[in-house]
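Protein chains in written order, with numbering that gives the first Met the number 0: chain A, 0 to 101; chain B, 0 to 101; chain C, 0 to 463; chain D, 0 to 463; chain E, 0 to 365; chain F, 0 to 365.
No lab work stands behind these hints, which were simulated from the structure alone.
One thing to keep in mind: the hints can contain errors.
Looking from chain D toward chain F, a few residues come up when the C-beta cut is under 7 Å (computed) [to be verified]: (1) A318; (2) R350; (3) M351; (4) P352.
Owing to the predicted nature of the structure, the values given are computational and were not obtained by experimental measurement.
Glycine residues also receive a C-beta, built at the ideal position from the N, C-alpha and C atoms.
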Amino acid sequence: MEIDPFIFRLSIFVLAIFVGYYVVWSVTPSLHTPLMSVTNAISSVIIVGAIIAGMSGDIKGILNTSNIFGFLAIFLAAINIFGGFLVTQRMLQMYKKKKKNK
Amino acid sequence: MEIDPFIFRLSIFVLAIFVGYYVVWSVTPSLHTPLMSVTNAISSVIIVGAIIAGMSGDIKGILNTSNIFGFLAIFLAAINIFGGFLVTQRMLQMYKKKKKNK
Amino acid sequence: MSVNLLAIFYLISGVLFILALRGLSSPETSRRGNLFGMLGMAIAITVTFLAIGNFSIGFVYVLIFFLVGGSIGAIIAYKIPMTAMPELVAGFHSLVGLAAVFVAISAFLNPQVFNLGSPGDIKLSSLIEMSIGASIGAITFSGSIIAFLKLRGIMSGAPITFKGQHYINLFLGLSIIVLIFYLCNTQSESFFWRLISISFLLGLLLIIPIGGADMPVVISMLNSYSGWAAAGIGFTLENTALIITGALVGSSGAILSYIMCKGMNRSFFNVILGGFGSVNSLTVNNKDKKPVKNGNAEDAAYLMKNASSVIIVPGYGMAVAQAQHALKEMADSLKKNGVKVSYAVHPVAGRMPGHMNVLLAEANVPYDEVFEQENINNDFASTDVAFVIGANDVTNPVAKTDPKSPIYGMPILDVEKSKSVLFVKRSLSPGYAGVDNELFYRDNTLMLFADAKKMTEEIVKNLN
Amino acid sequence: MSVNLLAIFYLISGVLFILALRGLSSPETSRRGNLFGMLGMAIAITVTFLAIGNFSIGFVYVLIFFLVGGSIGAIIAYKIPMTAMPELVAGFHSLVGLAAVFVAISAFLNPQVFNLGSPGDIKLSSLIEMSIGASIGAITFSGSIIAFLKLRGIMSGAPITFKGQHYINLFLGLSIIVLIFYLCNTQSESFFWRLISISFLLGLLLIIPIGGADMPVVISMLNSYSGWAAAGIGFTLENTALIITGALVGSSGAILSYIMCKGMNRSFFNVILGGFGSVNSLTVNNKDKKPVKNGNAEDAAYLMKNASSVIIVPGYGMAVAQAQHALKEMADSLKKNGVKVSYAVHPVAGRMPGHMNVLLAEANVPYDEVFEQENINNDFASTDVAFVIGANDVTNPVAKTDPKSPIYGMPILDVEKSKSVLFVKRSLSPGYAGVDNELFYRDNTLMLFADAKKMTEEIVKNLN
Amino acid sequence: MKVIGSVKEDLSEEKRIAITPDIVKKITDLQLSIFLEKNYGTHLGINDEEYKNKGVNFCNSAKEVLEKSEIVLRVNCPSDNEVGLIKDKSVLIGQFDNLSDKEVINKLIEKDIKIFSLSLLPRITRAQTMDVLSSQANLAGYRAVIESIEEFGKVVPMMMTAAGTITPAKFLIIGAGVAGLQAIATAKRLGGIVTATDVRTTTKEQVESLGGKFLSVDGVENLETNTGYAKEADENFKKKQEELLKNSVEKNDIIICTALIPGKKAPRIISEDMVKSMKSGSIVYDLAVNQGGNSAFSEADKINVINGVKVMGAKNILNSIALTASSLYAKNLFNFVNNLYDDKKKDILINEEDEIIKKTLIDKKL
Amino acid sequence: MKVIGSVKEDLSEEKRIAITPDIVKKITDLQLSIFLEKNYGTHLGINDEEYKNKGVNFCNSAKEVLEKSEIVLRVNCPSDNEVGLIKDKSVLIGQFDNLSDKEVINKLIEKDIKIFSLSLLPRITRAQTMDVLSSQANLAGYRAVIESIEEFGKVVPMMMTAAGTITPAKFLIIGAGVAGLQAIATAKRLGGIVTATDVRTTTKEQVESLGGKFLSVDGVENLETNTGYAKEADENFKKKQEELLKNSVEKNDIIICTALIPGKKAPRIISEDMVKSMKSGSIVYDLAVNQGGNSAFSEADKINVINGVKVMGAKNILNSIALTASSLYAKNLFNFVNNLYDDKKKDILINEEDEIIKKTLIDKKL
Ligand SMILES: NC(=O)c1ccc[n+]([C@@H]2O[C@H](COP(=O)([O-])OP(=O)(O)OC[C@H]3O[C@@H](n4cnc5c(N)ncnc54)[C@H](OP(=O)(O)O)[C@@H]3O)[C@@H](O)[C@H]2O)c1
Ligand SMILES: NC(=O)c1ccc[n+]([C@@H]2O[C@H](COP(=O)([O-])OP(=O)(O)OC[C@H]3O[C@@H](n4cnc5c(N)ncnc54)[C@H](OP(=O)(O)O)[C@@H]3O)[C@@H](O)[C@H]2O)c1
Ligand SMILES: NC(=O)c1ccc[n+]([C@@H]2O[C@H](COP(=O)([O-])OP(=O)(O)OC[C@H]3O[C@@H](n4cnc5c(N)ncnc54)[C@H](O)[C@@H]3O)[C@@H](O)[C@H]2O)c1
Ligand SMILES: NC(=O)c1ccc[n+]([C@@H]2O[C@H](COP(=O)([O-])OP(=O)(O)OC[C@H]3O[C@@H](n4cnc5c(N)ncnc54)[C@H](O)[C@@H]3O)[C@@H](O)[C@H]2O)c1
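Just need the whole structure built from these sequences, with the hints factored in.
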């Protein structure tokens, strides 16, 4: 009588959708670009899958196609992770309230 | 290597907290009372547990203490469900935009 | 019904509850939100029945209790006067709390029904969860009862504080933890009962010191507690619906009480801890302890937006605050919303003849919206909202009733005849003539305490 | 590391991502939000490594690719000029899409690694999930490439539409579904590759017809797609982090694009379906097709709030719109924010001598904030924002440069010397003298197309 | 039916009238009949026809009117000549001055005429509708600004034009009572920069509520009596005030003086030196000129030019807006009569309990 | 060093002056020396000292000044007498009227004097700083309102007081050119209800931009020339306009007339009947009186009272704000001289390419 874990995942999926939905409702337009940028960076969490793919198999088979695709995915995702977060950081630097003269 | 369902439930719990958190942030003060009232009504979903408790056991044992507590809980929760939703409905009636004279 | 399908239905009802809460956050969607809530509840109840599928004698009892309870609830909902809403919600709350306690008791006495082990040998995690659930339920129950009594007026609304209350509460809280610990160790029923009793007591003591004005926050907080209780029991029963809903109600209730505290300029923690800073700052000015209704810009905006006509009554305070431009803007916004707006200028409003006219003209208020007292006084009775901004003496009905009053005999603007009266001023202090204005304490009056310009600007914001 | 612990860590990183998005919704918390995002990502990556725990040669490769990729990313992030932000985001996007495709391919080729069965005998549900993931990933990839090219200017920003495009897209969409169906039935690799290719194609075709002005919406939408792709793969890999994050990104991206559409007054569906109503209404008036930067009240409010000084330049349009009261209010708000506000009145602004003075006096603008041209013209160079409201000719630099222009020789207000210039007017049409104003097309100019009063009121709202 | 009457006053001194067509119906509704002298309002463009249509009776001479009238309404004190014509024991209502009208009042009292002087009206809320001081001072404040501007050789509002910028005129209002406040409002409306000063501290907020700046004499007490009027200032105050004003006066273009102290000579606030310190072309309008004047060089109905500064004041500024002034004055009078008149007894009822009646009645020789 | 000179004009007709102390420095910076007649500005409170301090030379008589001057600045046309004194071939700048000044102009041309009349200035953007028509009309519009109000026996703004409500005065402005617009602004400021009418349709938006209401003559074309002036209206239009105004005029308290058509007699807009239909106490101020008048009964420098309506107009309204008017006029003149004067050659340069110079120059007999 155990519940299928898929159901749990589904519940989690649905709830996360709601969170995503509500969490950005009140964003100010001037932050649209940084928000997109950070969302983009976050979406490269796909790297988790890529790492699993890349590290799979044993030492001998490490260079089979599936691994290579994994490596490439890691490469791409890594660009994105670093690039995404850092560029967001740069953008947000602009939003720092300028010091007022006096 | 199956994940413990508790972990899933915990994830669900955490996400639901976020949903609850964000969902009411923008409520207008004039709706505070109805919102409280509907939240109250919803919280009587505890009746689910009460029903399980009340219906448990076989025909003979139906009136043991545990069942009786279940019945009482059903009774209380039912008051709340009907009372809560209906009273909210009544309150919200007041918030209907009045017809403009012309 | 398979457990998976059941879980999916519970998920659906959880989603419906989310939609319900969301709907309730704006007037336009609020009724639909409530319907979502009902639907979610109906689904949760139905599938629970279906899942058990045991339509024996137990079902009959369940049904009877359910229907009797439901009818009572429905009757209460229809009979109760609208003015008793807050206490009604508090009363209902106590029921949820008690129901949670009962479910927990039931699970404790009969754990095998819920797959939690057997009496005296309940799974540790379940035991913890259920005792937390029971304890919070009990606190909710007794706390709500107190809130109910205070709001109903059966118990004094004044905050009741006594020395050392915080220590006692602390002690009780610690006892609860210790009891849970022992309960887990011994599985002894007596600890369970003691746990519940102490929790009841703690609920009482927590709420008693809180003043009547803070009750709405308290109710919302208890709401939140009852959510956590439900979630706790949800974990025990491994029931997703309870977990989702519990967490939802728990967190939204907490946020709501936080928002309300902010709105009232009160510290959240002081309110929750009870009695700390619970002197209601507004009652201080009010020598006779007469209650005033105290609103904010959003309430005012809401009332006026939905009115079909609004009469603005400007007075000296508008001039002092130089609120005329903001006022004109407010009127423009209202007119855009289809509200009829007029200005009622009392002959001696302000401090010089024609004072209001100068300022209204400066703000470009069209002359044909400005009426002298004689021409508009009869319109108040058919007006939804009188917006009195910085005027006081010129609305004071004592001028008609009390020959001893220094303003006796002055013809006044009959603002009190309109459906609602909004007073924008900074305090309850009197105007030029130094006479208290009893309108402030009327049922159809909402005081908006602020500088006239600031408040009007706030209202404009909320109108858009 | 136990799967449970792993799952908890994934949950934590999911929560951190939620906090990241939340943080990004307001300027004050945005930097903290970004840090949360980084932390979440670090946790997700670290625990994944730890969970696999296979620190063999594979790890080395992984690390190399990771570090090389990371360095490239970091370099790009630091080197790229700020003006290239939108296309950068689009470019990054394509990478995520491609990565998702690669992971899906990897899982398809080597399912046993992920516990999905063996090649040719992959679990049905997993197969569906992974093909959806791969397909969406491919669409994201090729779509983002187009968006990148359009924004970069390599491809024309104009919407490229052709007859029957919607039918082709529909056909491609259906093909994808059919292919997935066959793939599930046959488990044949060739279907999988075809699926991916067609998805690539669809991505191209979907984005090509969309105009450059709508690109931000497209990027956000592609963002959303990449989220759904990640979630799909998350289901395949039974990975909570991917599911939570994917759903989060998917739904927030969708909402964000919706919000942006609303902000631009564009229909969400038209944008998403591409090419439907994609004629950019603003470029129509602009005969020479010179691009103008087109902002909204929020942008204006943001710019001015963070300025240390603002010079307001009123003109005839302010008078026509009777925006003087709103303008005064805006100035008051700015002053409250510590911004220095002055008014620069050109000698012939408006249509009669002293036109602006009448109106500013009516709105009670203090005389000592109102400057004549000679006394303030030098201040523009040291001013952050020039807020030009309904003025046009009096700011037109052609008066200095083109002896043939009818306004040649008129001394003008040097608004263009300030850091940013905001122009509030309803269109690009010229003023009294009928001369086009080249300032509209300058880099440091932001046009605010609206009635002067409405726009100013909007800005006031956003300042508070 | 009691008869209420009013006669023409000396047009060279007073253009206002006590009964306007507006209030005729209100009076006749009280069951009083009205008699007026021929051509009563013609100088204001109000024909006798207009009155007659509303039910007023006309007599050919003042004598005839006064012979019939049991209640006489006036603006100013009757002349010696008229005193004789007024019936014994009748009621006379108007605005009288305890000082200058003393003799006439005494004569009237000898004839046992009940004199009510609206100048004595208590400033209580209920009396506001009869408050001629307020209603007339208000108009005077408005008019003083208009006449000053008319005399002023420059433009008041700021204008930034192609031919250069015109700076706004600066106004200084001395005394922020009813007249002063209206002067502030009017000058502000026209775009002037307005500063005002007063000895009562509550006026600061009032001045600011009209958008004016307040010039406070620092470190001195509030010179307000409990009836809301000003007290005479002591030497210390006067010195401080002079110091303060010295700097301020020379910067201003137009000064409107309204400062009064009830029952006393008006305080002298603008000294000769101050006037001389002003720019050529400036204006000083002294509304207090009849009470002794707030300013040096001020003389009623004259414009004295001192170093190019015009110092002026009118004996009766209200004559120049006599239409509006009469309409308000007549309404005040009516409200007073209405309060005095007993509806049931159809007669004047002198209720000594009534503060308004008690305070305005002059029944002893002065 | 060229000499620029200006003499006193007939004070009974003209109080404005052509050179104010403000522009002295600007002129001398051009390397021109200035000669003025004794007591040049004393009537405006400007002492000769003030000029002398800035480097102006004074002569005892007009003759002396004109003997020295190569450039003569004036407000109005010289008298016959003065024409003889002006040097041959000198430059004369002022505001001349092609009709009334015809003879004098012809005499001047005989003396080969270069006459520049600022009345002929083209209304182009670059000429705005020299535009005396605008700068003076603007002040006239302001002043017409002030003088009307001064003459008006009532109060302009609305006042709701304890003694009753004073309704706001209603203004009708005929012609919404420069003077009309300023009149609208001034009347609005004072709290009047303002309506305006014009034959040019663009003025509707302009009137509304000042908070006034516009009265459009329906269904007729826009009578605007391509230079921005009004054309003469045809009979059809005139009839429609009369119809429209007939109803409107009688509701208004104060009418300010500013309608002009360049080079033509001013249109007659307010008929005798219209004036008679107005309420007693109303005012008609005719700014066009010197061009023939927009209103019946209007005569320069007279107040004609018709049925209690005061119809008035001034020969030179600017005399009453001569200080401000001179300051703007002088700046306009200076800007004109500056444009005419070649900095390098240190001489007047009549550049026929320059539209401003070409259009203002009168070099043929009229
Ligand atoms: N019109 C005349 O000619 C004249 C002349 C002299 C006296 N009066 C007398 O003045 C009174 C006029 O009546 P009224 O109703 O206009 O005024 P009022 O009775 O004096 O009341 C004005 C109210 O405005 C409030 N206020 C002051 N500043 C404010 C601000 N910045 N923001 C918001 N509220 C502010 C004050 O309450 P808070 O302090 O609580 O904010 C006060 O109660 C009458 O009694 C009249 O007899 C009139
Ligand atoms: N001051 C005088 O005495 C005088 C007299 C006659 C002529 N002029 C001439 O008038 C001009 C004055 O320059 P200026 O810069 O003040 O005005 P302008 O050059 O005429 O420009 C006014 C601008 O305001 C915009 N506008 C109109 N209504 C608007 C509304 N409701 N909301 C927002 N914008 C609105 C118009 O653009 P959109 O249509 O795109 O909105 C227009 O481009 C000069 O050329 C001057 O020579 C002056
Ligand atoms: N109760 C009512 O309803 C009511 C009605 C009208 C007026 N009032 C009050 O009556 C009071 C008197 O008003 P008023 O206009 O008749 O006063 P007023 O005419 O007697 O004096 C005019 C002003 O001059 C000021 N003043 C006197 N000496 C001065 C000096 N040395 N320097 C500067 N200023 C000096 C006074 O303070 C006063 O404000 C005010 O407080 C007014 O608000 C009350
Ligand atoms: N280019 C510039 O910078 C500049 C400078 C100043 C003025 N102007 C323009 O010059 C134009 C003329 O202004 P002005 O004040 O010298 O005009 P004006 O003095 O010649 O005429 C005054 C007004 O009377 C109106 N009018 C004429 N006949 C009328 C009739 N029958 N009924 C009603 N109204 C009638 C005219 O249309 C005009 O508006 C205006 O368009 C003004 O905006 C332009």
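A quick look at each hint next to the structure:
1. For A318/D, the shortest C-beta to C-beta distance to chain F is roughly 4 Å, which falls under 7 Å, so the interface hint holds.
2. Restraint check, R350/D versus chain F: the minimum CB separation of about 5 Å is within 7 Å; hint holds.
3. Hint status for M351/D relative to chain F: holds, with the closest Cβ pair at about 4 Å, below 7 Å.
4. Taken as an interface hint, P352/D checks out: its beta carbon lies about 4 Å from the nearest beta carbon of chain F, inside 7 Å.
Every hint from the earlier list agrees with this structure, and none is contradicted.
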